[in-house]
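Please assemble the complex out of the two chains, which come individually in their own frames, going by the hints.
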Amino acid sequence: MSAINQLGLTRSAPWQQGVWRDRGLGSAPVVVALVVIALVFQALNGAFLSPDNLVNLTLQSATTGILTLGVVLVLLVGQIDLSVGAVSGLAAAVVAVGFMQQGWPLIVAVLVAVALGAALGAGYGWLFTRLGVPSFVITLAGLLVAVGLQVQVLGDTGSVNLPYESWLVRFTQQTFLHPVVSYVVVGAVVVGYAASRLQERRRRELAQLPTRPAAEVLARTALLAVVVAVPVWYLNLNRGLGAMVVLFIGLVAVADVLLRRTRWGRSMRAIGSNVHSARRAGYPVRRVYMSAFAACTALAALAGVLSAGRLAAANQGTGGSDTNLTAIAAAVIGGTSLFGGRGSAWSAVLGVLVIQAISSGLTLLNADGSARYIVTGLVLALAVTVDAVSRRDRGTTAR
Amino acid sequence: MTTDPPVLSLRGITHSFGAVRALIDVDLDVHAREVVAVVGDNGAGKSTLVAVMAGALVPDAGEVVVDGQEVRLSSPGLARQLGIATVFQDLALCEDLDVVENLFLGQELRRGVLLDEVGMEHEAWNLLGKLAARVPSLRAATSTLSGGQRQAVAIARALLGEPRVLVLDEPTAALGVTQTAEVLTLIERVRDRGYGVVLVSQNMADVQAVADRVVVLRRGRLNGEFDAETARYEDIIAAVTGASPPRGAGGGSS
Numbered sequence: 005m006s007a008i009n010q011l012g013l014t015r016s017a018p019w020q021q022g023v024w025r026d027r028g029l030g031s032a033p034v035v036v037a038l039v040v041i042a043l044v045f046q047a048l049n050g051a052f053l054s055p056d057n058l059v060n061l062t063l064q065s066a067t068t069g070i071l072t073l074g075v076v077l078v079l080l081v082g083q084i085d086l087s088v089g090a091v092s093g094l095a096a097a098v099v100a101v102g103f104m105q106q107g108w109p110l111i112v113a114v115l116v117a118v119a120l121g122a123a124l125g126a127g128y129g130w131l132f133t134r135l136g137v138p139s140f141v142i143t144l145a146g147l148l149v150a151v152g153l154q155v156q157v158l159g160d161t162g163s164v165n166l167p168y169e170s171w172l173v174r175f176t177q178q179t180f181l182h183p184v185v186s187y188v189v190v191g192a193v194v195v196g197y198a199a200s201r202l203q204e205r206r207r208r209e210l211a212q213l214p215t216r217p218a219a220e221v222l223a224r225t226a227l228l229a230v231v232v233a234v235p236v237w238y239l240n241l242n243r244g245l246g247a248m249v250v251l252f253i254g255l256v257a258v259a260d261v262l263l264r265r266t267r268w269g270r271s272m273r274a275i276g277s278n279v280h281s282a283r284r285a286g287y288p289v290r291r292v293y294m295s296a297f298a299a300c301t302a303l304a305a306l307a308g309v310l311s312a313g314r315l316a317a318a319n320q321g322t323g324g325s326d327t328n329l330t331a332i333a334a335a336v337i338g339g340t341s342l343f344g345g346r347g348s349a350w351s352a353v354l355g356v357l358v359i360q361a362i363s364s365g366l367t368l369l370n371a372d373g374s375a376r377y378i379v380t381g382l383v384l385a386l387a388v389t390v391d392a393v394s395r396r397d398r399g400t401t402a403r
Numbered sequence: 023m024t025t026d027p028p029v030l031s032l033r034g035i036t037h038s039f040g041a042v043r044a045l046i047d048v049d050l051d052v053h054a055r056e057v058v059a060v061v062g063d064n065g066a067g068k069s070t071l072v073a074v075m076a077g078a079l080v081p082d083a084g085e086v087v088v089d090g091q092e093v094r095l096s097s098p099g100l101a102r103q104l105g106i107a108t109v110f111q112d113l114a115l116c117e118d119l120d121v122v123e124n125l126f127l128g129q130e131l132r133r134g135v136l137l138d139e140v141g142m143e144h145e146a147w148n149l150l151g152k153l154a155a156r157v158p159s160l161r162a163a164t165s166t167l168s169g170g171q172r173q174a175v176a177i178a179r180a181l182l183g184e185p186r187v188l189v190l191d192e193p194t195a196a197l198g199v200t201q202t203a204e205v206l207t208l209i210e211r212v213r214d215r216g217y218g219v220v221l222v223s224q225n226m227a228d229v230q231a232v233a234d235r236v237v238v239l240r241r242g243r244l245n246g247e248f249d250a251e252t253a254r255y256e257d258i259i260a261a262v263t264g265a266s267p268p269r270g271a272g273g274g275s276s
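Heads up: the protein sequence lines correspond to chains A and B, in order. Per the numbering used here, the very first residue in the first sequence carries number 5; after that it's consecutive. Per the numbering used here, the very first residue in the second sequence carries number 23; after that it's consecutive.
The shape of chain B in the complex, shown without the other chains (with noise of 0.2 Å):
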């Protein structure tokens, strides 16, 4: 597959509340051009991971590896300086505003002192025309549109800022069958462009469509990793439940 050394990576992490343990020794490794599906079942973890991706949780040990350098991702903020776009499963969208709004949310450009309408919108329509996402309306209230183009508004908000890895937790979890589509289609086209995507999801049919590796957390620990490609779905089901011996027992991504 890749060769190239990893963008992100993670080592080790292990995290706690209380006396649950979230996550133990989970490595992770992202490659440019690529999407790493992680699967669970509820409370393997899965959250807990994307926090820590975020910035959102500093977890209680392990190390975060972008580019070869050690950091400590312990905001959000400082999260996307350093190349990573989460992408919620709420979307903190604001429904009221238009999509131009919503993609320049809390990063409007200006003009002076006034918001330069004129430059964001034409932004907004290379943006939206790279991953050739379509909505009714750039001035439709994000309202007015499906579950399928929000979950592309916020997407193309999240490459805004030109990351390098995009962290998408559940965007599928709301949607039908078409709207599902629309997205693994849009996912498939960052990929494309050379982002690393995490995709983060209990669906496995959505996952087998799109990923190009699977990782498995069970209970908090890594419960298997496979190829895309030439797993069989019975036996990452086998590894999401807990069925059988975890495969590849030294499971972590190498």
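The following block holds chain A by itself, in its conformation from the complex (with noise of 0.2 Å):
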């Protein structure tokens, strides 16, 4: 320990030399702002809280969410996919076309469309790493070439529907986790982070690194026990937790790990902080940006499959419209930075759940599309706004 006190640490705060790093404000300003949409719609429209419209919030944050998480991972590189929206569209023309038009077997269907997406956002990585064209200019290409290629593929009739017994529309629209296994998927949520926490609590005190207080790590265990079940027991007074809500999660879970605790991770945020200094610091630049492209376009792709099971078809406005400005929008409300290096997976979570609160409340008051994009527009400006305020803050400071 002589070594922490010759560093002049404070030693009565090790919490913020911990792991657990809660850098500035962190995701609180999201929360709040979340808190209160959700108050102000329940004061204007008592429905706005149920169980019922919650249910359905879920179901409708989970395909936007999928985009999100791509966009987060181009974002995280410091690059920008504007095709997110066209890509998810063609991929539900693709699954719709192969299954019911080519008689492809579904799976292949799901697959081949995933795969295509991989392919295109593989194609941007390319352009952008080999011969430096601007990430938003190929995306804004990729970008009509998808939506050419969706209305291609749909054929004559701009539409195909999805027979409501095939695997995917059921998963979509009709399959919710039993309250049973929610609860158990939840105790070893719970139980598993705090054995993670605890296992990691002994490793740094082996190490003689600072620790945080047992009490702690008990009472973080136990706040998170509290923001997983109670959203879960609620859901579950209505349908429960829909089977696209928990892919969704477990996606964005399975992010998060890979960008906090892999060389990849740590190379994506490096490479989106300082593209220099990750090059020299001899981490394979090109590949990490063509695997975040492809990463992006195959996510959605895929959430373009789940929205074509959800609408159990496929159109021409499928992923259209402002699809891709609101998964973009979400990703920096959500606290992912614009500028690259900051950001989390779970900011596709939290974004998302904004803009869709948003979205709900304004239909539940009866209000059209153009209130809506509005609101969303001026939220996205407001999040933008503190992302950069806060980059040129940290700017001054820094030099």
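Quick caveat, the hints were computed from the structure, so don't treat them as lab data. Remember, predicted model here, so these are calculated numbers, not experimental data. Take every hint as true, because none was put in to throw you off.
Here chain B is said to cover these stretches of chain A; the calculated rule only asks that three of the stretch's residues, wherever they fall, bring their Cβ under 8 Å from a Cβ of chain B:
| # | region |
| --- | --- |
| 1 | 201-213 |
| 2 | 280-292 |
Residues of chain A placed beyond 12 Å of chain B at every Cβ, according to the derived structure:
| # | residue |
| --- | --- |
| 3 | V35 |
| 4 | D56 |
| 5 | Q105 |
| 6 | L227 |
| 7 | R243 |
| 8 | L251 |
| 9 | G254 |
| 10 | L368 |
The beta-carbon is built from N, C-alpha and C at its ideal position, and this holds for glycine as well.
Here you go:
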């Protein structure tokens, strides 16, 4: 411990050095915003916080959320993908046409759609890393190509329906976790969290590193238990946790571990923060860019497949209009920086909840789409401003 | 001064960028446990010399000898492997990443497939403790650190691979008085731990504070070598500006 004292660190606040990094305000502003939005809409319309509405809200959030997760990955490396909506529309069309008109098994159609998405992203990555074309131009071009392909794949009718009995439609519309299963999952998550924290704490003690008090670990675990169990219980009052929602949260959790605890994730943030430094540190910069673009479009394609299931159809409007910007807005609102290097997988969950809560609340108030556009636009502007200002402030303290 | 054979030795290094002769027949020896300052005006060839030692630039002519073996520093990675670590002026840090993440940037410790955060933090404590470098928190983003603290992080990272020679390019250029003093103290500690240090600088005060030997570059040529203990400030300045004929006309290190 003498080394620690030499370094002049205050041991009274060891959690500041913990691996649980709470930098700045973290996600607190978004959570507060979410609570305020919920309370305002609940005051205006008592149905907003009803279990029924919240179940719908979570189901609506899942597809946009998976799109947003992809956007988070691309933003982390300091790039952007403007084509996620179009790619999801194309994937929906491929699944519907492949399954209904070409007679492919559904699973094959799904895999083809997702692989097509990943290939598109790899193409973006190739153009970006080899030829140096700016990503917003490449992906804008990709958007047009994908929209065109979507219309061509759908053919003359412009719309293809999926049968209600297909597993894709059942999975997205009617599959919910049995309440017992959902509580088992909650329990496993909470116990797993506590176990990993305690194990980490023991390793830190052995390595003579500052540790958080055990009581704090328990308090955090208890907080997590409440944060997870209460919504699950509340949703279980109605239909419960949709399978699609569980898939979304699961993807976010996997992405979170990959981003925080693997070399790949570390290289993503390093590249987004300073690509020259990352290159000199020896990271395979080109491959990481390619993986970010490909993962983003693959997730976009998966979101498109799921939205086809949810609508039981794919049409020319799937993934159109504001889908792109909603996904990008959600990522930024959730706390991922537009300037690269800062953000987390969980910002996809928070951001998409904010956007869908506003959307759902305005729908309950019988506001039309125009009001939703305006409010979402303002919230996005606010989030980007916060991002830009915090970046500027860090810049001035830094130099 | 030091009688051991040099750890790093440059012989007759010559390099041109087109018609510009950046380095002409430059010799430089670096011994263990000494700070060699390389000074010179803008355009004297300091950065080119750093690039050669870092392995970022292969010179047109001349040889590089590490531990008595002639080597070809054809890449930065190879230079690091041979024990020459370079801290460039821009430090090559990632501002959004924290101190531990920056120290292990590109060479993270792992347990299985996952990163070994505890192990890395432990190593970081040891490393910074050895250098007695002060940072507010190992988990603070580098953007929140002062210029001197960042320099300390960059130097600590360079030492992570247990090099023999540490090349510092203008480490105090952007720093205030206190931070400059911190970095200079750090350089002395690094030397006292047995490393050879090449300090490239324009700042005579810094050079006189920590250097054991001063080598002057002027227009790509060696223009004098001084013992920092005994040399007069005016003489070094004269060699830098060319105001007087070069002292010790064979100029080079021996």
